[in-house]
Amino acid sequence: MITPRFSCTQTEESVVVSIYCPSVRASDVEITVDDTLFTIHINPYFLRLNFSHALLEDDESSAKYDPSSGNLTVTLTKAVKGQTFDDLDLLAKLLAPRPSKPQGPLIEVLDSQEDAPTEDEELANAAERLSLSQEQQEILEGTSSFIRLVNSTDLSEFEAAENDWQLKQELPEAGTSFKTSTSQNYGFLNLHTGYFRHVEHTENEANELGTTAETAEIGERRKLRLKHEDEKWDEEYYMADYADDEYIQELIHWKHPHGVPQTEIQYTEEEKLTMLHLASSTQTKDLYLTLLTLLFSYAYESRTTQKDPTPESGWTLSSLTPAFSALDPAPYVSISSDPNKFDSPELLATFVACYRRALSFPLYRSFALAETCRTDVIAFLKNGKRMVLRCLLEMKDILDHHDVYYVYSKIWVDDYSVWIQSSSDETLRSLAADVERLKIPKSELGWDLERLESLTQEERESDSDDEDSEDEIERMLPAPL
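Numbered as in the working numbering, the sequence shown ends at 486 without a single skipped number.
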């Protein structure tokens with residue numbers, strides 16, 4: 006079955022579901038409404054939506070199909086008129102199945118006591134078993150196993166077995182997998198592999214792992230990333246940007262539109278299409294920490310282009326994000342602590358990784374600019390998951406339109422765009438407060454920034470003194486005849 010494109014809106018009395026299903030027979034549509042659950046089947050499309058409040062299928066409900074546009078519009082009556090249905094634009098959340106309700110056993114054993122068979126009955130049963138073919142015996146054994154399974158399983162689990170989309174999915178526990186290959190997983194929750202098998206034949210300038218991208222373990226990736234950053238670090242480049250920072254100051258004082266609190270965020274139809282994936286992953290601290298690195302690279306790219314992407318934008322996003330260029334996501338320090346609390350050392354290590362890349366690779370290399378980008382990240386988080394999702398969708402749009410760097414959208418941004426919809430605004434705002442309290446000493450970056458800035462300042466003052474001396478000498482010279 007195909008999950009069709011759809012969108013949802015509401016009025017005071019109803020919820021309207023618009024479904025794009027071209028070239029179908031409207032007479033074949035099957036619609037079911039069960040409390041908060043709405044299901045529609047029209048071959049080859051199938052859609053199940055779980056709303057926040059109850060719906061009714063009454064005389065006021067309707068379904069209209071427009072064959073010219075291929076749109077099916079279903080109007081459903083609200084059980085409580087005037088009730089507001091939340092998050093109708095978060096499509097992945099609507100696609101999530103509602104929790105199944107435990108019920109009693111499908112087959113109840115009334116009496117497990119049976120009379121012992123007589124000697125004649127045992128002989129008859131033995132003769133019958135001998136006359137059965139192997140295939141018939143397997144069928145009987147399978148039927149017996151099925152009855153035992155149903156007898157020990159509640160109805161919800163039995164329905165889940167029949168309907169594969171309802172099966173509960175959990176990530177495998179660490180250490181339970183048996184590896185028979187040298188390939189390493191990467192990307193969102195380490196769910197991806199195989200995207201870099203032929204990387205030597207592509208112009209992926211952001212990839213720092215080369216042909217080892219598929220086989221390098223996380224520890225090796227991190228060592229290669231840090232080594233590459235040290236190799237790319239250029240003291241003279243940093244000093245030049247520190248001395249001549251007129252345009253960088255313009256970038257720093259630019260007001261990012263996503264940093265301003267907004268009462269309502271509307272997504273475009275194209276952005277809504279990217280939400281039509283269903284994720285069952287568990288939210289973890291590591292995902293939030295890596296999210297910070299994605300938002301930082303987005304903040305740098307959007308600020309330095311003032312939200313007018315250039316052909317280099319895909320490279321900038323990919324190069325500034327450690328999880329992209331080196332397949333090296335957070336955390337960058339190992340701390341055993343409360344999974345619901347973000348510790349300063351973890352946050353510091355996360356932003357140090359971002360700052361090192363911002364001072365080694367892109368066009369403008371300024372510590373002050375990196376600090377401003379961190380301020381942007383704080384503002385994004387304060388505005389909640391809808392704003393964070395908007396940033397991710399814009400980031401995804403840039404990557405998707407690049408013939409090489411689209412791969413990072415596939416292994417990271419796609420999944421993040423789904424996962425963030427189920428996150429908590431309170432968690433994001435709490436994370437924003439932790440990041441806002443964070444202090445990042447320049448010494449943590451591993452390069453002597455304060456010394457370089459001091460030398461640059463001395464050279465600037467020396468040049469200024471030289472200019473003053475030249476001006477004084479010119480004033481002392483006699484005027485030309």
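Hints were generated in silico from the structure; no laboratory data involved. Ideal Cβ placement from N, Cα and C applies to all residues, glycine included. Among these hints, one or two may not hold up.
25 angstroms max Cα-Cα, derived DSS-like pairs, lysine-lysine [stated by the list, open to error]: (1) K447 to K232; (2) K444 to K346; (3) K312 to K447; (4) K86 to K237.
Have a look at the derived ranges for each label pair, beta carbon to beta carbon [to be verified]: (5) G199 to K312: 31 to 37 angstroms; (6) T16 to G224: 55 to 61 angstroms; (7) T187 to D249: 55 to 61 angstroms.
field: Hinted pair K447 and K232, Cα distance within 25 angstroms
entry: Holds - the C-alpha atoms of K232 and K447 are around 19 angstroms apart, at most 25 angstroms.
task: Could you tell me whether the CB distance from T187 to D249 stays inside 55 to 61 angstroms?
output: Distance hint for T187, D249 is violated at roughly 48 angstroms.
- prompt: Do the beta carbons of T16 and G224 sit within 55 to 61 angstroms of each other?
  reply: Since the Cβ atoms of T16 and G224 sit about 56 angstroms apart, the hinted range of 55 to 61 angstroms holds.
query: Between K312 and K447, is the straight-line Cα distance small enough, at 25 angstroms or below?
result: 28 angstroms, violated
- prompt: Is K444 close enough to K346, meaning Cα to Cα at most 25 angstroms?
  reply: 18 angstroms, holds
query: Between G199 and K312, does the C-beta distance stay in 31 to 37 angstroms?
result: 34 angstroms Cβ-Cβ, so the 31 to 37 angstroms window holds.
message: Between the alpha carbons of K86 and K237, is the straight-line distance 25 angstroms or under?
response: 62 angstroms, violated
The structure fails hints 3, 4, 7 (numbered hints given earlier, in ascending order).
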